[in-house]
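S.K.: Taken in order, these protein sequences are the chains called P and G. When we follow this note's numbering, the leftmost residue of the first sequence carries the number 288, and every step to the right adds one. When we follow this note's numbering, the leftmost residue of the second sequence carries the number 78, and every step to the right adds one.
Derived from the structure by calculation, the hints contain no laboratory data. Idealized CB from N, CA, C, for every residue including glycine. Take the hints with a grain of salt, since some may be wrong.
[Claimed, not checked] 35 Å max Cα-Cα, derived DSBU-like pairs, lysine-lysine: (1) G:Lys98 - P:Lys342; (2) G:Lys98 - G:Lys175; (3) G:Lys175 - P:Lys316.
[Stated by the list, open to error] The following residues of chain G were derived to be distant from chain P, with all beta-carbon distances above 10 Å: (4) Phe111; (5) Met127; (6) Lys149; (7) Leu152; (8) Asn154; (9) Gly165; (10) Glu184; (11) Val197; (12) Asn209; (13) Lys216; (14) Ser228; (15) Ile258; (16) Thr267.
[Unchecked claim] If you want a taste of the chain G side facing chain P, the calculated C-beta under 7 Å gives, among others: (17) Arg86; (18) Asp89; (19) Ala90; (20) Val99; (21) Arg119; (22) Gln130; (23) Ile132.
Here are the chains, one letter per residue:
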Amino acid sequence: MLAINEGDLMIEDKASFVEVESGPQVFVKRQIETGLSDGINIEVVSGLKASDKIKHR
Amino acid sequence: MTMRIDAGRSFDAFDEQQRRKVAIIGARVESQLFGKDERALRHDVTINGMSFQVIGVFHSLSNGNQQQEEEKIYLPNDTLRYAFNQVGWVGNFVVLPKPGVQARVAEEDVKRYLANKYRVNPDDKGVFGSFNLQNEYDKIQGLFTGIKMFSWVVAIGTILAGAIGVGNIMLIVVKERTREIGLRKALGATPASIVLMVMQESVFITAIAGYAGLVVGTLVIQAIATMLGPRPSMLNVNSAESQLQTSKINLANQAADLERYQKLFAQHLISETDFNQFTMNFNVQKEAVGSAENAGHQRRRPDD
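So that you can see chain G by itself, here it is in the shape it has in the complex:
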């Protein structure tokens, strides 16, 4: 139970031993059953015609089903058993495995133990029901890994495309300069110095274009962000989701554009700087969408 007692106290040994008719109620129970300026502490709540004194009011610290938790009323175990004729009877219970033990394994062990203890055929699945979250958790984890892998593939592909493009243009540059290189060689340039010259040039151009693209891309994203207005609130997952959809569509359009640009670039119809800038923009936007996607999933998960 992850809760904090706001008023009063939690149960103690006396409540259990003396089977006192006392209860700890959630904050929402208090607000529903009692008046706005009324405190539940010391008062009685009636459950099935039986009065229980409220000795504590708690609020839940769980972040998913907080509302549901705060609608609960807790009674001491023995009180519940004796007051509602449930002695010697267990409806369901929670098992928390030790750290490092798989929930799936623990689930099987507990069921086998129970089947053995109560002489039930272990193959009879109808006698003991159970539920554990591990399967669902694994599924979601798998989905995340898939998304991550996909974005890696896309990112590497984009970088590769950029690298090949730059390599291509350098090849053209070298071809164009055959005469210049020949002249330099005739005047005594070593092969190393010529390679160095070409390399320096390509690194210089790529660095300038890359940084320019990064800066422009960031500015564009910022401009779009300010135009879109304030960020969606935590509760407004739906609108965030639809925004995500639109930016995904934008991204798809841009991916198509990128391909077209690559073709143009291959035909030397646009300059290298333009191309790099576009690639950079694309990457930056893709990252923005990626993180929005992650945030969306994280926001959604506790409620599922």
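Pulled out of the complex, with its shape left as it was, chain P reads as follows:
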């Protein structure tokens, strides 16, 4: 199971996004699907691989 820090998540209306690094210090907004959360970290159901680097906010 993949989980990210919930603070790095951007929540807009119905969809959630993270900013994924596409090149050195270049970030693209990508929609992901989230699952359970323990308050600190939130499960990523789809949209992200373990090798992806996301922007810390």
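Assemble chain G onto chain P, guided by the hints.
M.R.: What follows is chain G alone, placed relative to chain P:
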């Protein structure tokens, strides 16, 4: 809310939507409830028998009531409402007027709107209470303007006294030189050249005496400052205040001295240089007290 999250995160939409039992706590709450080497993040705090998970710890960026702010615990609004049976009920709220709108006007408007909405007699002051800082702020501003005006009056008065003194002594000088001037005129001096001569002399004397007074005054102040030891710290307002009082008393004494000096000067009992020097010293000290006073007020204001 002027705060910075030190650990964890702030609230997000999920906290609100799912009414999660989560909390953001102030740095002082963490240090009071948790051990020295223990971090509050992820742990639970119990409020009225209900557990809330700490998802963030913040420190306050406000500079007046920082301590008070950091003793706060924030919950998502919906969580608070549903957990503590406060749905559909507002105890109080904060209104921030647009820039350029007077807080006093906004306060009246909001109260009128509420009275209209809930069908309350607008003259009934007991139903909606309100508080805004503008009146207090205006009062303090007025005080500052008053202090400024007063110091201006004193400064102008001092300068005037000095100018009149110098004018007086020049008059005496001219009278004493009636013979010399007559001689010069007889030898072909124009009135302009005589006026120029007198003016040059007075400007020269005043400039020399003024600068000497300025330098001596600064040195004296510096000497006193080093004798008094290090400057009072920010927290030590009381001692700064009492120092201010003593220097005010000194100033009052000096003002009395100044008057005496002026009298002596008028009777030509002391030299002009001495007089100017004293006036300068007085001005420099007065400025020092003035700025100390301002600093004291500024230091005190956030705590009030």
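S.K.: When the hints from earlier in the document are held up against this structure, which numbers fail?
M.R.: none
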